[in-house]
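Colleague: Start from the sequences, fold in the hints, and give me the full structure.
Spelled out, the chains give:
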Amino acid sequence: MDKNILDFEKPIMELESKIEELKETVSSFQTDFSREIELLEKKLNREKRALYSNISPWYKVLMQREVQRPRASDYINSLIRNKTELFGDRIYGDDLALIAGIGKFRNYDVVFLGQEKGKDTKERLERNFGLMHPEGYRKALRIMKLAEKFKKPVITFVDTQGAHPGVDAEERGQAFAIAENLAEMSALETPIICVVIGEGGSGGALGIGVADKILMLENAIYSVCLPETCSEILWRAHITPPESAVALKLTAEELHEFGIVDEIIKEPLEGAHRDIETAIQRVGRAVKKNLDVLVKLEIDDLVEQRYQKYRNIGEFIDENYE
Amino acid sequence: MDKNILDFEKPIMELESKIEELKETVSSFQTDFSREIELLEKKLNREKRALYSNISPWYKVLMQREVQRPRASDYINSLIRNKTELFGDRIYGDDLALIAGIGKFRNYDVVFLGQEKGKDTKERLERNFGLMHPEGYRKALRIMKLAEKFKKPVITFVDTQGAHPGVDAEERGQAFAIAENLAEMSALETPIICVVIGEGGSGGALGIGVADKILMLENAIYSVCLPETCSEILWRAHITPPESAVALKLTAEELHEFGIVDEIIKEPLEGAHRDIETAIQRVGRAVKKNLDVLVKLEIDDLVEQRYQKYRNIGEFIDENYE
Amino acid sequence: MARNTVNIEGSFNCPECGKSIDDEELLKNYKVCPFCNYHNPVGAQERISMLLDPGTFIEYDPVLNTSDPLNFPLYKERIKKDQKSTGLVDAVITGKGELNGIPLVIGITDYRFRMGSMGSVLGEKITRCMEKAIEENLPVIIFSSSGGGARMQEGMLSLMQMAKTSASSKKLRKARILYINVLSFKSFAGVMASFAGLGHIIIAEPGTQIGFTGERGRSSISQELPEGFQTAKFMVERGMIDMIVERNEMKSVLADLLDFFS
Amino acid sequence: MARNTVNIEGSFNCPECGKSIDDEELLKNYKVCPFCNYHNPVGAQERISMLLDPGTFIEYDPVLNTSDPLNFPLYKERIKKDQKSTGLVDAVITGKGELNGIPLVIGITDYRFRMGSMGSVLGEKITRCMEKAIEENLPVIIFSSSGGGARMQEGMLSLMQMAKTSASSKKLRKARILYINVLSFKSFAGVMASFAGLGHIIIAEPGTQIGFTGERGRSSISQELPEGFQTAKFMVERGMIDMIVERNEMKSVLADLLDFFS
Ligand SMILES: [Zn+2]
Ligand SMILES: [Zn+2]
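Taken in order, these protein sequences are the chains called S, C, Y and P.
Note that the first sequence covers residues 1 to 322 in our numbering.
Note that the second sequence covers residues 1 to 322 in our numbering.
Note that the third sequence covers residues 1 to 262 in our numbering.
Note that the fourth sequence covers residues 1 to 262 in our numbering.
It should be emphasised that the hints constitute simulated quantities derived from the structure, not laboratory data.
Fair warning: there could be bad hints in the mix.
With a Cα cut of at most 30 Å, we get these calculated DSS-like pairs of lysine-lysine [unchecked claim]:
| hint | chain 1 | residue 1 | chain 2 | residue 2 |
| --- | --- | --- | --- | --- |
| 1 | S | K296 | Y | K174 |
| 2 | S | K149 | P | K81 |
| 3 | S | K149 | Y | K171 |
Chain S side only, calculated, beta carbon under 7 Å to chain C, not exhaustive [claimed, not checked]:
| hint | residue |
| --- | --- |
| 4 | R90 |
| 5 | I91 |
| 6 | F176 |
Covered, in the sense of this in silico footprint (three residues per stretch, anywhere, with C-beta under 8 Å from a C-beta of chain C), are these stretches of chain Y [stated by the list, open to error]:
| hint | segment |
| --- | --- |
| 7 | 58-65 |
| 8 | 69-77 |
| 9 | 92-105 |
| 10 | 120-129 |
| 11 | 140-152 |
| 12 | 168-178 |
| 13 | 238-251 |
Bear in mind that the values here come from a model prediction, so they are computed numbers and not experimental data.
Note that the Cβ used here is the ideal one computed from N, Cα and C, for glycine as well.
Modeller: Written out as structure tokens, the structure is:
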């Protein structure tokens, strides 16, 4: 678990282990220390709550990258029963950066899509670290069209630094593939729920992220660009990546305030990766709750509401009206 | 023009040139030979009509391959005004074996597609001898979908030995690309006219050949496979390619009798390549005549008629009904 | 490639690994070699008994027969020979049946009959069964074992069956009727480039060879072939096939799909 | 790469061939170098005067301005600077006008203003003009000169403009309204991967650079670049662009297209 600890947690982790050591030490005494230990643990928990409810944007970024967070496959494997994975775009190739398929979620037949970064080095390479190629976006679209045809809701799990930036992706029309997905998802005649579970990175994330409801894990991030890229562009202003992470407003809370994220899913106290099962069940409950509402809508209303949702995102000064 | 002469024409060509020589020779005489020459020429023409209206299937095959026939580009350049060529499948590549675009045909705005073998060695290589790759079929489909959306009729010119048989075409799903075209063309909500102008070869030709009306030049051929391939398969029966060409029933007349070809376009006496302008104008007239009828149909009726047209092709014994 | 089916008395030699397998055991194992997992080709009738609930199959158009419309050299003789050796009238069986209690329309092309190639009879039967499926609102599963494409001996009538069966496949799509293709052993050319390539879901059995141009057609173009060229695995990687399913899991996977898309 | 536009008094040095060109002559030649055919970038206002019939243009939403919703470091200052140097309020002009007498809705993104990147204002104006086009049943032409994609300084609000403008592009498609994209100079990232890549017809001017990932993003992955990578010609060969049109023929080609699809 060591490599799963981020800098900001180190003091509290140390305190926790000191209290553990203390407990062990005092257990050999006749005197009862339980009251004192209890007080200490209460204090520890208060500190923890304060700490973990105020993780800086930059540490949230690092948490998605440096820590063994639950990935799309964890959510899919746990939440979807009778799962059948489907492969390929029927045009050029299959893209393992995207897991796609059909199965049962609670009482629903659903189509699922998930960007998968991979768990170990071998899988990360196979899955290209979750960076999708054009064939991945086209595979997603093919399978979403199947969902539309057979009126099955779509659940997507977003977790990618962005679309693959290589020469081959350019040659096969990365921009055009993403654009098509945005257009088609905006009018897909079936409910779509998107869950941002880790790192939502730019157009590459958005390529499977247009939805009726966007749910986001408390510590997940979603950004127009990497904080490092932002700092690079603003280098003359001497703005560091942690400062960029603040400036970009990439946390679930900020995005909820902007009306971009519809619902924040609380993580377990120390983060989804410290209690994966709880995190997954919370995601499951949030998805179900939203799905229960969406499936009751007339398709035309659903699609029009989705259009209006995006139509209304944006902030500007219109002097004609002010 | 020499290389444009096929074996079967040699005797008549020789006779014709002998008569020409004779005419020159007698012109130096005082005696009037015009009556005799006229009789000779009449005889020659009668022989020609007999010969050219009975070209063997195999010579028709050779005529499409060994002779400078007018190609798709000739028909398109001559019949379509205000032409704008469109490129690409928006997915993988552009395929120069297929010319595609929009323009004016008579009083119609039309979308055109033509398999182009190329005129000289350089162009033939560029155009891959008219053998299309999957991206060519997908380009055709993209542009036909545009025709459907904007309710423009589609005219296709078929002239290919078949789909490209290479490894790269297999890798990008040649079979799947052709199948999609067949399915989508069968239900495309706009009139489609297909003109078989040269060599219609197997599924590769059919990939742009599903239409409301199939017109076919008198000497063009359309075959399920190359006669050579047929002979190879039947080698134990000692059947030569010329015999296979007979057995396969690949001529316009035979296909008209089977109800596959809707209309035969008469070629100039010695073939389209001996009077290209006339051939093109006849194709133009035939296309216009059919288009005039098709555009008057309700789209639903048009599509249902197209379905029934193909639905009814096939001959078999159904003992339940006989 | 191996065209063997079980017909040697008592035991069978796997064409892939060469090992000898008891006939009965081979059949119990869905004709899959227990040593090397080689999926032996399966006849149409065998496929029905492996897949459908016993006693539920009702065949469509069992007597549709070729009229040899081109009067093609040797065609009649070869048809008769294949009819005799397979017990089929042509290279496809179609009909209605139930799979785990779910009613469906099924079609199966058979490699043993003219390499599973498509002439007027095969095209007509596929189209008819799809039209029936639309009428009765039933899902359609078509198994293809077709090394041959459009059947040469019926000339352009065969080629046009590609358009005809693709048109009825498109009708299925428009009617939102589930259409599943299962490719087994071989699926090439005119069959692959029409109805067999148009399913909402396309499944292949392990080792199936899939493509447009078969060995014969390719010979004209000399090219180095990539590893595993035209195998099911290759085609999944190239994005053309949804998944590979082992024969002994086929029934349960199909049942799941039928259940999901119903 | 050259960002030059005509602003040096009297004459101009071509950034491609280095030759000196008289300002007036350059303008008469649509800012295309007469020596090497280099297509200099064109400002939004210039594009309108090159393309539309004089006096027909009516601008939509001319005063829509950014509110700096993230209160982003240096953003306000840079916006003011670009506003001053370009005379624009943001990186796009939209409006209604006529081309050879054909009424249409037009939008033009301008590279000089924050590299033509898309924030809330650009996204809102594109979407509004598309919605107007649907209301009035007019065709839409959007010119994109956007090296920047989603504008970083408006964070996720910018990214969501990709979804918003793609959604209104899809509305155009559903309404069967002709939508043409013209890519000029540069078209990358969030602009290219949304409304600029969704036209029924996509045209590029010669030499335009087109792609998703620009030079900066690519630097992380070291790869040999193919010849002509991300140029208009390259993208036509890769099947992404319908055609390349010289700037001096742009008006007549667009007129033909508007005529054909009307
Ligand atoms: Zn074996
Ligand atoms: Zn120059």
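Colleague: Give a verdict on every hint.
Modeller: Each hint, compared with the structure:
Our distance criterion of 30 Å between C-alpha atoms is met by S:K296 and Y:K174, whose separation comes to about 25 Å. Annotation: proposed proximity of S:K149 to P:K81 is violated, straight-line Cα distance about 50 Å (limit 30 Å). With a CA separation close to 14 Å, the supplied pair S:K149 and Y:K171 stays within the 30 Å bound. Taking 7 Å as the C-beta contact cut-off toward chain C, the hint placing S:R90 at the interface holds, the least distance being around 6 Å.
The beta carbon of S:I91 comes within 6 Å of a beta carbon in chain C, closer than 7 Å, and the hint placing it at the interface holds. For S:F176, the suggested interface contact is upheld, since its CB lies about 6 Å from the closest CB of chain C, less than 7 Å. With 4 residues having a beta carbon nearer than 8 Å to a beta carbon of chain C, the segment 58-65 of chain Y meets the requirement of three or more and the stated coverage holds. Coverage of the segment 69-77 of chain Y by chain C holds in this model, with 5 residues showing a Cβ closer than 8 Å to a Cβ of that chain against a need of three.
Beta-carbon proximity to chain C at under 8 Å applies to 0 residues in the segment 92-105 of chain Y; the threshold of 3 is not reached and the given coverage is violated. Coverage of a stretch by a chain is defined here by at least three residues with a beta carbon nearer than 8 Å to that chain's beta carbons; for the segment 120-129 of chain Y and chain C the count is 5, and the condition holds. For a cut-off of 8 Å, the count of residues in the segment 140-152 of chain Y with a CB near a CB of chain C stands at 4, and the three-residue condition holds. For the segment 168-178 of chain Y, the proposed coverage by chain C is satisfied: 6 residues have a C-beta within less than 8 Å of a C-beta in that chain, meeting the threshold of three.
Three residues within the 8 Å Cβ limit are the bar, and the segment 238-251 of chain Y against chain C gives 3, so the coverage statement holds.
Hint check: violations occur at hints 2, 9; the rest are consistent with the structure.
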